[in-house]
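Assemble the whole structure, with the sequences as input and the hints as a guide.
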Amino acid sequence: MYLKGELMRYANKQSVRMASFLIAALMMMPGCMADYGNLKGDPALTDVFLNKEALPEYNYYYNGRANVPYAVIGIDPQYEFQDRVWHRIDTREDVVAKVANIRSWNREWSQGAKIVGPDGKQLGIWFSYYRHTTIKVGPDNQVAVYSPYTPNRKVTMEVPP
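Count along the sequence shown from 1, then add 248; that gives the number in our numbering.
Simulated from the structure, these hints should not be mistaken for laboratory data.
You may find that some hints are simply not true.
[Stated by the list, open to error] Okay, derived cross-link-like pairs now, PhoX-like style, lysine-lysine, Cα gap no bigger than 25 Å in a straight line:
id, residue 1, residue 2
1, K362, K384
2, K384, K369
3, K288, K300
4, K288, K369
5, K300, K384
6, K362, K288
7, K300, K362
[To be verified] What follows is a list of derived Cβ distance ranges for each label pair:
id, residue 1, residue 2, range
8, S352, G386, 28 to 36 Å
9, S352, N389, 31 to 39 Å
10, Q326, A292, 15 to 23 Å
11, S395, G289, 24 to 32 Å
12, V316, T339, 13 to 21 Å
13, P304, H335, 33 to 41 Å
14, K384, P325, 27 to 35 Å
Backbone N, C-alpha and C fix where the C-beta goes; we use that ideal spot for every residue, glycine too.
And the structure:
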């Protein structure tokens with residue numbers, strides 16, 4: 249009987265420890281994710297890019313090879329863009345050409361999206377075959393958009409809605 253009581257006390261202590269750990273982890277999670285944005289698919293932006301347009305209110309960049317970019321983005325000029333893996337596109341004609349290069353190898357799956365911050369505010373626009381990336385928003389209006397390309401990741405195609 250003594251052994252059973254000791255086991256019960258030990259199990260109760262472990263349960264309390266595990267519950268405390270989970271509560272602490274859940275409380276920290278929003279703070280850790282507070283500075284990350286995301287992509288929100290937007291059919292109207294897909295149409296803008298497919299109609300060979302480039303909205304004038306953005307600074308444009310591409311990621312990947314010059315003739316086969318992974319993504320083209322436009323960043324609102326009020327943000328300081330951390331472009332270490334992106335190349336600036338200087339003319340609207342070059343934006344259209346980069347989008348055409350994306351579409352040349354992946355016509356059906358490419359789409360446009362809004363780049364939004366953690367507060368839901370639009371930071372820019374996105375066009376790519378890829379539907380994911382990491383977007384980090386730092387102090388003083390700094391924005392970093394990571395490359396969507398992951399060399400060792402198996403890409404699965406989904407039928408768009």
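**OP:** Could you say whether the range 15 to 23 Å given as a hint is met by the Cβ separation of Q326 and A292?
**Re:** Holds - the Cβ-Cβ distance for Q326 and A292, about 22 Å, lies within 15 to 23 Å.
Original post:
Does the structure keep K288 and K300 at a Cα separation of 25 Å or less?
Top reply: holds (21 Å)
Original post:
When you check the alpha-carbon spacing of K300 and K384, does it fall within 25 Å?
Top reply: violated (28 Å)
**OP:** Assess, step by step, whether the Cα of K288 is no farther than 25 Å from the Cα of K369, and give holds or violated.
**Re:** holds (11 Å)
Original post:
If you check the beta carbons of K384 and P325, does the distance land in 27 to 35 Å?
Top reply: Because 19 Å falls outside the window, the suggested range is violated.
Original post:
S395 and G289, beta-carbon distance inside 24 to 32 Å?
Top reply: violated (19 Å)
Subject >> Status of the given 13 to 21 Å range, CB of T339 versus CB of V316 >> reply: holds (19 Å)
Original post:
Are the Cα atoms of K384 and K369 separated by 25 Å or less?
Top reply: With a Cα-Cα distance of about 13 Å, the restraint between K384 and K369 holds, given a limit of 25 Å.
Original post:
Does the Cβ distance between P304 and H335 fall inside 33 to 41 Å?
Top reply: violated (20 Å)
**OP:** Note whether the CB distance of S352 and N389 lies within 31 to 39 Å or breaks it.
**Re:** holds (35 Å)
Original post:
Holds or violated: K362 with K288, Cα cutoff 25 Å?
Top reply: Status holds; Cα separation ~5 Å.
Original post:
Taking 25 Å as the top limit, are the C-alpha atoms of K362 and K384 close enough?
Top reply: holds (14 Å)
The earlier numbered hints that this structure contradicts are 5, 11, 13, 14.
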